[in-house]
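Engineer: Input sequences plus hints: build the corresponding full structure.
Residue 10 is where the sequence shown starts when you use my numbering, and the numbers rise one by one after that.
Heads up, some of the hints might be wrong.
[Unchecked claim] Derived DEER-like restraints, expressed as beta-carbon distance ranges:
id : residue 1 : residue 2 : range
1  : P82       : P58       : 17 to 25 Å
2  : F25       : A62       : 44 to 52 Å
3  : D83       : N15       : 45 to 53 Å
4  : G98       : Q29       : 24 to 32 Å
5  : P32       : N106      : 37 to 45 Å
6  : R21       : K90       : 38 to 46 Å
Just so you know, these hints were derived from the structure itself, not from any lab.
C-beta: ideal position from N, C-alpha, C; glycine also.
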Amino acid sequence: MTQTSNTRPIRRGRVFPEIQWSPEKIAQYKAEGEALDRQHHEIFDRVCPELMADHYNWFIIIEGSSGDYFIDPDEEVAIQKARQKYPTGWLGIYRLNETGTCGNI
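Structural biologist: Structure (structure tokens):
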């Protein structure tokens with residue numbers, strides 16, 4: 010009986026080593042993401058109480074830079090509505106309920 014050995018080399022390191030971000034660029038990227046999250050959450054906090062009465066548990070998709078939002082009971086339809094107007098925009102997805110969460114962990 011022949012024995013097989015696994016002598017495949019172990020490769021360690023980055024998948025794309027030519028792509029290296031500086032710590033400043035990483036910090037800038039995180040700060041921009043946090044700013045967008047704050048914009049989305051401010052808009053959500055402003056419109057949620059008035060929309061929750063008629064559209065409880067519907068999905069709301071928010072485009073932060075313009076302040077536009079799209080609501081629908083189906084998440085996919087709401088995303089399609091938002092992507093028609095903002096194909097490359099950063100969108101925030103919430104649910105019109107007390108917490109704004111879209112699911113359970």
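Engineer: Hint by hint, say whether it matches the structure.
Structural biologist: Comparing the hints with the structure gives:
1. Between P82 and P58 the CB atoms are about 19 Å apart, so this pair conforms to the stated range of 17 to 25 Å.
2. Remark: the range hint 44 to 52 Å for F25 to A62 is upheld by a beta-carbon distance near 49 Å.
3. Between D83 and N15 the CB atoms are about 48 Å apart, so this pair conforms to the stated range of 45 to 53 Å.
4. As the Cβ distance of G98 to Q29 is approximately 28 Å, the hint placing it in 24 to 32 Å holds.
5. Between P32 and N106 the beta carbon distance is about 38 Å. The supplied range of 37 to 45 Å therefore holds.
6. Between R21 and K90 the beta carbons are some 45 Å apart, a value that agrees with the proposed interval 38 to 46 Å.
Checked against the numbered hints above, the structure violates none of them.
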